[in-house]
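Undergrad: Turn these sequences into a full structure, and let the hints steer you where they fit.
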Amino acid sequence: MTDTGRIANVFNFWFAGGSAVSTPTTPFKLRLMTAMGSGNGNVAGSNGTELTSATGYTAGGSSLGSSPTFSTFSSASPAAVTNSNAVSWSAGSTWTTVVGIEIWDSTGTPARYLQGTTTSSITGVVNGDTVQFAAGSISANPSAW
Amino acid sequence: MQYMCKQCLSVANLPPETDPHSVDWCNCCDRSHDHHGSDAAACNPEANHPGELCWNPPGQPIRPSGCGVCRPIIHFGVAGTQLVAAQAGLGGLK
Chain A
4 MTDTGRIANV
14 FNFWFAGGSA
24 VSTPTTPFKL
34 RLMTAMGSGN
44 GNVAGSNGTE
54 LTSATGYTAG
64 GSSLGSSPTF
74 STFSSASPAA
84 VTNSNAVSWS
94 AGSTWTTVVG
104 IEIWDSTGTP
114 ARYLQGTTTS
124 SITGVVNGDT
134 VQFAAGSISA
144 NPSAW
Chain B
30 MQYMCKQCLS
40 VANLPPETDP
50 HSVDWCNCCD
60 RSHDHHGSDA
70 AACNPEANHP
80 GELCWNPPGQ
90 PIRPSGCGVC
100 RPIIHFGVAG
110 TQLVAAQAGL
120 GGLK
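If you read the sequences in order, they're chains A and B.
Going by the numbering used here, the letters in the first sequence line up with residues 4 to 148, in that order.
Going by the numbering used here, the letters in the second sequence line up with residues 30 to 123, in that order.
Derived by calculation from the structure, the hints in this document are not laboratory data.
Remember, it's a predicted structure, so these values are computed and weren't measured experimentally.
Where hints are given, some of them may not hold.
Label pairs and their calculated CB-CB ranges [said to hold, decoys possible]: (1) B:Asn42 <-> A:Trp17: 42 to 48 Å; (2) B:Pro79 <-> A:Gly139: 41 to 47 Å; (3) B:Val40 <-> A:Thr61: 25 to 31 Å; (4) B:Cys55 <-> A:Ser78: 43 to 49 Å; (5) A:Ser77 <-> B:Ser94: 51 to 57 Å; (6) A:Phe18 <-> B:Ser39: 53 to 59 Å; (7) A:Thr85 <-> B:Asn73: 43 to 49 Å; (8) B:Gly95 <-> A:Ala138: 49 to 55 Å; (9) B:Glu81 <-> A:Ser25: 28 to 34 Å; (10) A:Ser96 <-> B:Ala41: 21 to 27 Å.
Positions of the beta carbon are idealized from the N, C-alpha and C atoms, including for glycine.
TA: Pasting the structure below:
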């Protein structure tokens, strides 16, 4: 399903005198969520609930690294692309269960671009553990938009 | 979900929603956690393990002699994402 909200902004800029579509400020940040928001596809949604009170995790997330954030999308053969760099956190306390992620840019007022659930909740994180998203572990499939 | 023991580096794939600290896949943990009580952070490494590395302070994967508390692990997250719809104030295009 195409995300008509974002596509409309691009088309309005090209053809209808709409405001310029700004370039996201990188690096993109990976946020850990304890409850998912909404807003996939055509549905205008809301942000999820970010992990809090978790020593070792900083509100706003951690950098997904220098560009490119993801491998190159292909227009000829749309398929899932994956993150280029690993992100990890060292837990210094017991963490609430993480059920998903959100990816935001780094502007002064950050903007949310992607969200999705983890294939399995991240549970049982205690002091001394590491939570890691390895390179290639986060996928984005434009053919599903 | 995949996990790795920080002490022996062995890897396990456990069913979803499993607390990885409740399952043995290597022999690095004493799940009774009875060496220093139920909380590893209660260990006083200076008193209990003089001169040795310990769980306390956090993040220390090496278990000192005589310590049986559970070892820290790595949780490997995997996620699929979708583009979110543009909406002012909620992360849409600016």
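Undergrad: None of the hints should be skipped; say for each whether it holds.
TA: Cross-check of the supplied hints:
1. B:Asn42 <-> A:Trp17: 42 to 48 Å: 47 Å, holds
2. B:Pro79 <-> A:Gly139: 41 to 47 Å: 44 Å, holds
3. B:Val40 <-> A:Thr61: 25 to 31 Å: 28 Å, holds
4. B:Cys55 <-> A:Ser78: 43 to 49 Å: Since Cys55 of chain B and Ser78 of chain A have Cβ atoms about 46 Å apart, the given range 43 to 49 Å holds.
5. A:Ser77 <-> B:Ser94: 51 to 57 Å: The hinted range 51 to 57 Å holds for Ser77 of chain A and Ser94 of chain B, with Cβ atoms some 55 Å apart.
6. A:Phe18 <-> B:Ser39: 53 to 59 Å: Since the Cβ atoms of Phe18 of chain A and Ser39 of chain B sit about 57 Å apart, the hinted range of 53 to 59 Å holds.
7. A:Thr85 <-> B:Asn73: 43 to 49 Å: Holds - the Cβ-Cβ distance for Thr85 of chain A and Asn73 of chain B, about 44 Å, lies within 43 to 49 Å.
8. B:Gly95 <-> A:Ala138: 49 to 55 Å: Between Gly95 of chain B and Ala138 of chain A, where Cβ atoms are some 39 Å apart, the hint is violated.
9. B:Glu81 <-> A:Ser25: 28 to 34 Å: 54 Å, violated
10. A:Ser96 <-> B:Ala41: 21 to 27 Å: Taking Cβ atoms as reference, Ser96 of chain A and Ala41 of chain B lie about 23 Å apart, which means the hint holds.
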